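Chemist: Residues per chain are reported as follows:
Number of protein chains: 2
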Amino acid sequence: MSLHDIGEFGLIEQLRRSVRQGPGVKIGIGDDCAALEVPAGELLLVTNDLLLENVHFRRDWIDLADLGAKSVAVNLSDIAAMGGVPRYLVLGLGLPSSLTLGEIDRFLEGFLGEATANEVSLVGGDTCRAEQFLSVSVTAHGTIPASELVRRKGGRPGDLLYVSGELGGSGLALCQLEAGQKPEPSLACRHFRPRARLSLGRALASRGLVTSMIDLSDGLLADLHHLLAGDSLGAVLYLDKMPVSEAFDRVTARRPEWRNLVFNGGEDYELLFTVPEQQRLEVEKLSEEFDVRITEVGKVKKGGKPVDVLDAAGNPVSVAAAGFRHF
Amino acid sequence: MSLHDIGEFGLIEQLRRSVRQGPGVKIGIGDDCAALEVPAGELLLVTNDLLLENVHFRRDWIDLADLGAKSVAVNLSDIAAMGGVPRYLVLGLGLPSSLTLGEIDRFLEGFLGEATANEVSLVGGDTCRAEQFLSVSVTAHGTIPASELVRRKGGRPGDLLYVSGELGGSGLALCQLEAGQKPEPSLACRHFRPRARLSLGRALASRGLVTSMIDLSDGLLADLHHLLAGDSLGAVLYLDKMPVSEAFDRVTARRPEWRNLVFNGGEDYELLFTVPEQQRLEVEKLSEEFDVRITEVGKVKKGGKPVDVLDAAGNPVSVAAAGFRHF
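First to last, the sequence lines map onto chains A and B.
In case it helps, the working numbering puts the first sequence at residues 1 to 327.
In case it helps, the working numbering puts the second sequence at residues 1001 to 1327.
One should not assume that every hint holds.
[What the hints assert, rightly or not] Each computed BS3-like pair below joins lysine-lysine, with the alpha-carbon atoms no more than 25 Å apart: (1) A:Lys26 with B:Lys1153; (2) B:Lys1241 with B:Lys1285; (3) B:Lys1241 with B:Lys1301; (4) A:Lys241 with A:Lys299; (5) B:Lys1301 with A:Lys153; (6) A:Lys299 with A:Lys153.
[Claimed, not checked] Some chain A residues well away from chain B (every beta-carbon gap over 12 Å; in silico): (7) Asp78; (8) Glu109; (9) Thr127; (10) Cys128; (11) His141; (12) Ala146.
Everything labelled a hint here was simulated from the structure, so no lab data went into it.
Given the structure is predicted, the values throughout are model-derived calculations rather than measurements.
C-beta atoms are modelled at their ideal positions from N, C-alpha and C, and glycine is treated no differently.
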């Protein structure tokens, strides 16, 4: 049984039957549009990420269930960064004929599993044949009370800079794959199965603890630049405070040139946020509540040279600011 | 100046500056998510269409400004079919390096022109490098008072079947291109620059004139099947009533085998809807109000053989029910 046998409408019908119509979904898969409820007084959050074969992933490296789950998580991460509650997903799939029905099922299994784990509903989309490469387009929708919205803009000089979780693990797994090595399971997991920091983002926003926030998809330095740019701010970062995993330490002890992935490795999908000094304690208490590292990694300052990385003695050190470059 | 020179963020920054932030847009391009207003008491409509190179279009046949406009129109057509008001667009673009900045500008010119003409705002998206083929993913958002929503389900035996505009022109232009012929301008226009029937769809829904509706993207027979399937209904169609253009008549007089495109040519983006007999006059009056042909092409009947096409004498004739097949 191939995709050609069941056809586009067979695939959509299969999806329609296997997807539970979640809360707020008036019309889900199978009409011209989905029809959805947005709570009165709340804003709709919308974000879109493309995942294209041989650009964002290689089919020989990633399990299709992981790809499905990741395509959900990277979009939900953007909703986390605004402080929102994720609600609805739309999936556009360009399917090359080399993909078997079993592979498509695995993709959807990962996609729907990650959706269910985060209480979001697949409500519609588009499927079609693709020329040669698998392409995945996900649009995620969330909601948030207008007064709780957190933006990239809003940080102030003197605010503390925090990141959730650990940095560089996803980029390190990718470097190992590119070098022909098998990444350690914990690093591979960071790369292939990222999780959006939704509960933490929601708490930071709803409790009014942060002045600005962004999720880390392009690398700490690149995303910090986006966070500061709107307000023409600068920052210092503390080299010796960067949170990394034990596996990251172990692998980069042998390959010190990969240490910089803390700053310019992509796809961490952690949150980077600015905190007024008087909120420090309340923010750090969230670490226990949500079982996640929360680390003060720097401080916002007035403009000038955008970012200084300081060593333990307070002296500036040089770090290449590559970030993920799409073109 | 190439895409590589300005980079993803350069392109996004250029878009951010050139896009006017429309009504209801609290946050547009340039943050982790767009933040949008949905009127209280209204439902959010969401639809997504992928347009992939060499599947949905050929770059040597379509002008990129037309492709940009068409990628908007085909999505808005789905909102028209629910009776909604279009509001917000999200654009995912996978850009092969063979595309010049000038070509990207032309695409965006067509995209934003069509958006502006329909009073919808581009609010966000994703751009990235693509391996070889241009891929376009558009997610369109509309709103509608919950009580006015029109679905594919809802038609009843005895309802009249209507279509807007003229059929088969887009499919005919494609056949001519595939046969190495230059399509007549009016047919080419139907294929490359379709327009969504938004005002008509809105009027039909808000005035309560229709029991079900769908837009014609896969061909009359295939989409009629979708319209009837949910209610297990059948239909008759009147062969001699099919609305076609003068150019369609002229070209198919020479190539009678293309005449069937009225039934199975794709991408007409007209509306197909069911009307209770007592609303007949009010529906037909809309033709003048919106300056569009509105033609009674058949009638809904109880289930059984799904669709009979009848000739002028009322005898069934056989029509191949191909429709556009994606896989």
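Chemist: Against this structure, judge whether each hint is valid.
Modeler: Now for the hints, and whether the structure bears them out:
The suggested pairing of Lys26 of chain A with Lys1153 of chain B holds, with an alpha-carbon distance near 13 Å, which does not exceed 25 Å. Distance hint between Lys1241 of chain B and Lys1285 of chain B is fulfilled; the C-alpha atoms sit about 18 Å from each other, no more than 25 Å. Note on Lys1241 of chain B and Lys1301 of chain B: the hinted pairing holds, with a Cα-Cα distance of about 18 Å set against a maximum of 25 Å. Distance restraint check for Lys241 of chain A and Lys299 of chain A: the Cα-Cα separation of roughly 12 Å lies within the 25 Å cut-off, and the hinted pair is therefore satisfied.
Under the criterion of a C-alpha separation no larger than 25 Å, the hint pairing Lys1301 of chain B with Lys153 of chain A is inconsistent with the structure, at around 59 Å. For a cut-off of 25 Å, the pair hint linking Lys299 of chain A to Lys153 of chain A stands: about 15 Å separates their Cα positions. Its beta-carbon lying about 4 Å from the closest one in chain B, Asp78 of chain A breaks the requirement of being farther than 12 Å from that chain. Look at Glu109 of chain A: its CB is around 20 Å from the nearest CB on chain B, clear of 12 Å, so calling it non-interface holds up.
Its beta-carbon lying about 7 Å from the closest one in chain B, Thr127 of chain A breaks the requirement of being farther than 12 Å from that chain. Residue-level check failed: Cys128 of chain A sits 5 Å from the nearest beta carbon of chain B, not beyond 12 Å. Its closest Cβ contact with chain B, about 7 Å, brings His141 of chain A to no more than 12 Å, contrary to its assignment away from the interface. Under the 12 Å C-beta cut-off, the non-interface status given to Ala146 of chain A relative to chain B is violated; the minimum distance is some 7 Å.
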